[in-house]
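Starting from the known structure of chain A, arrange chain B on it as the hints suggest.
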Amino acid sequence: MRNPFWKKSLLLLIITLFTFTLVQPYRVNAALRIYQKSRDTQYVEGVRHIKIAAEIDFNGTISEQVINYAGINIKNNPHIKVVVADNYKVNGFGMSTVPQQIWNIHQKFPNVQVIAGVNGDFYNMSNGIPVSPYVRNYEVIFQGTTWARTLVGFKDNGDVVFGKPTFSGYEVMVFDQDGSLKLNPIKVNAFNRLPANDNEVTAFFTEHASEINSGAQKLIVHGLDIKSDGSGSRYFSKGTFGSITNEVISVQENQFILMGSKLFAEGFIESTDTIVVQQRMSGIFEGVRDAIGGWEILVKNGVPETTFTQGASYQFRAPRTAVGIKNDGTVFFVTVDGRNMPLGMDGVTAYEMAEIMAYFEADHAINLDGGGSTTMAILNGEDYDIVNTPSDGNLRSNANGVFFVKGNLPQTLPPVPYPDNREILNTPSNLFIQNSGVLTFNAVDHATRYEVWINGTTKIDTTTNSVALKLPIGTYDIQVRAYGNHDTHKQSLYSEALTFTVYSNDMLNFIDFIRAYTQTQHNNNQSN
Amino acid sequence: MKKYILVFLIVLGTIALSGCVEKTPACNDNESRIDGVCVVNRTEFETKLYNTANLDNVTIEWVVTLGEETSTSILKFDGQKSSVQAGNHTEFYETDGTTTYRYFQTENGYERETVQLSGSTQPSFYENLKETDFTLMENRYLLNYGTYNDILCFVKSYDSKATFSNFELSVETYITQIKFDILVGDLVYKLTLNYSNHNQTTVEVPTYA
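Those protein sequence lines, which keep their order, are chains A and B. Okay, so the first sequence: first residue is 1 according to the numbering used here, each after it adds one. Okay, so the second sequence: first residue is 529 according to the numbering used here, each after it adds one.
Any given hint might turn out to be false.
[Stated by the list, open to error] In the SDA-like style, the derived pairs of lysine to any residue whose C-alpha atoms are separated by at most 25 Å in a straight line are: (1) B:Lys576 / A:Asn523; (2) B:Lys718 / A:Thr499; (3) B:Lys576 / A:Ser527; (4) B:Lys684 / A:Thr520; (5) B:Lys689 / A:Gln519; (6) B:Lys707 / A:Asp506; (7) A:Lys470 / B:Gly595; (8) B:Lys576 / A:Gln519; (9) A:Lys51 / A:Thr41; (10) B:Lys576 / A:Asn524; (11) B:Lys718 / A:Thr501; (12) B:Lys718 / A:Asp506; (13) B:Lys707 / A:Thr520; (14) B:Lys718 / A:Gln519; (15) B:Lys576 / A:Thr520; (16) A:Lys470 / B:Leu594.
Hints were generated in silico from the structure; no laboratory data involved.
Just chain A, with the same shape it has in the complex (with noise of 0.2 Å):
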């Protein structure tokens, strides 16, 4: 140590530590801390599965941790969609698994598959009713018993919507038989009450349990579904048209009545028309095709938030589920296994969810149920697997969830005006399908666009009058539907049925050999 040389070493070494101990980096997010123990990543149809097991250090406290993310960028792979589901019963709510979520998208849409989701909303454990406003293919499903938490919605362009949901009222909207709304919604003032003047329409339910005592007109609509809180004041209704009546009657079990004179405009509402009485989304909700609400919000413009002082037991570790989007594009959702430590799922705070949710760099993410309600279900082959593990031992039945789907969701046409005047298109005619499988059909006039239907199920669009059908062994019927500019062409009616079967080799080489009999059968009735 009488080196000056390690004396000038040593003093160079304590300058330097004590330089590192004083000066404080700009920003550091030192608040959480993942040690990977192990890491599985794995692509499903674009889809990117990721399980961790780990031990986490939030402000010093270990946790030990599992952590399922299953995410994609909806802008970048427009084939893939996100949409809620639930398994309400008509005319009510319900409770229901993931996995049985997922069928009834199937069901519903029978174009698309569910590529992975998890459990979505808060709700009533008693009849499955959410806490938030619920969205499901444009019908407002229930309008929230609070309008106080987050919702994300889901529009049909790919973009996603982040905030407190607004309305506007409660709307009569009018759908044609083929689903264009019809301009424009009326509004609604007031429910099981009768009109106070000639501007004001009212719809009656079953809870109006008296007679509605009035002459004047009714419209009594049956119901497809209506569903109600049993609050009153909070409804979806969608029906058929059932009949006009001046007489006194009081609301039978699945319909509803509305009055008002602004309904009966002559050929506002016709035999063919859907009718729906739901709220109307605003703001930067409006036109969502799915929303989904939540309780707390977990990052806020890519911030984790560090204050919580509502709900979501937001103290306490838990098993949670949440759901992030970034300004990319990128909708990813997360849940992480709590109430099992024996097998290192200790659960996480909101605190830590938030940083989780910060972690894989969600510019916005949500709290959704969590406890026994979190769950993640990916597509494995034909099956799904539940990628985390549930803590109550099993598959908790919920209010609804959010997935990720491939494929093709309904298209709804745009409004139409009322009165419609615009030009029918002609029915497309002389449907003919060569042996090789391509259908062809005498152009329409006006015609920019054609759907052809098979079996009423599944439509391929095109823009000429020839298209490959590449159709498996079977039968079908097809069918054909010109569509024109929307603002000046109303859509042709479908054309007649064509049945179309598809054969084997084997079988066309035994149709061939049909044929020559006939001819050779015809020859023999000629030398007769």
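Coordinates of chain B only, in the frame set by chain A:
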């Protein structure tokens, strides 16, 4: 000289007269003479088969099953006009004098072309079957085991390696149904031919472009 001429005339006359003697042609063993014509001896059952084979007005539905796949074809014969609805398309044949036309579907409607049909005719694959070839069981005539060249020739016209089995008939005034299997390697085509509208079948050829 006169004697020679007389003898010559007698010989000529004898030859001429002998030509007037009716000679009876010999019929085959399975034939009988009816109105001076040899006619094949047929039982009532065999006559029904023969009459069916020689119908030029009848509708035949061919139902062919191959595994889980089934095709149904409708063959209509109405004298000079015939049609076959097979697969996804219908074709028509019309003979006018010595010309036969084929009408076939295209994306522009029906088109017509002239076709050359074989000048020779072929016996129907069932018209020469004997009643003794069958075992009657509950109104169904089950073909006995044996060699039946007409049927074999028919199935081999589909595939040279084809054989057949389980041949059976149902008969009323005419044949009403024929069922049999055509076997080609591992493939088993199960055929059911339903005959109907005997002498009541109408075929109208389509207008063509």
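These are the hints, each one checked on the structure:
1. With a CA separation close to 22 Å, the supplied pair Lys576 (chain B) and Asn523 (chain A) stays within the 25 Å bound.
2. With a CA separation close to 23 Å, the supplied pair Lys718 (chain B) and Thr499 (chain A) stays within the 25 Å bound.
3. A distance of roughly 20 Å separates the Cα atoms of Lys576 (chain B) and Ser527 (chain A); the hinted pair therefore holds under the 25 Å criterion.
4. For the suggested pair Lys684 (chain B) and Thr520 (chain A), the alpha carbons sit about 15 Å apart, so the restraint of at most 25 Å is met.
5. For the hint pairing Lys689 (chain B) with Gln519 (chain A), the CA-to-CA distance comes to about 22 Å; that is within 25 Å, so the pair holds.
6. Under the criterion of a C-alpha separation no larger than 25 Å, the hint pairing Lys707 (chain B) with Asp506 (chain A) is consistent with the structure, at around 19 Å.
7. Distance check on the hinted pair: Lys470 (chain A) and Gly595 (chain B) sit about 22 Å apart at the alpha-carbon level, within 25 Å; holds.
8. The suggested pairing of Lys576 (chain B) with Gln519 (chain A) holds, with an alpha-carbon distance near 23 Å, which does not exceed 25 Å.
9. For the hint linking Lys51 (chain A) to Thr41 (chain A), the alpha-carbon distance of about 7 Å falls within 25 Å, and the restraint holds.
10. For the hint linking Lys576 (chain B) to Asn524 (chain A), the alpha-carbon distance of about 18 Å falls within 25 Å, and the restraint holds.
11. A hinted pair counts as satisfied when its Cα atoms are at most 25 Å apart, and Lys718 (chain B) with Thr501 (chain A) qualifies at roughly 19 Å.
12. Proximity of Lys718 (chain B) to Asp506 (chain A) is assessed by CA-CA distance (about 13 Å); at most 25 Å being required, the pair is judged to hold.
13. At roughly 20 Å between alpha-carbon atoms, Lys707 (chain B) and Thr520 (chain A) fall within 25 Å of each other, so this suggested pair holds.
14. The straight-line distance between the Cα atoms of Lys718 (chain B) and Gln519 (chain A) is roughly 22 Å, inside the 25 Å bound, and the hint therefore holds.
15. About 21 Å separates the Cα atoms of Lys576 (chain B) and Thr520 (chain A), which keeps this hinted pair within 25 Å; it holds.
16. In summary, the hint linking Lys470 (chain A) to Leu594 (chain B) is supported, as the alpha carbons are separated by about 21 Å, within the 25 Å threshold.
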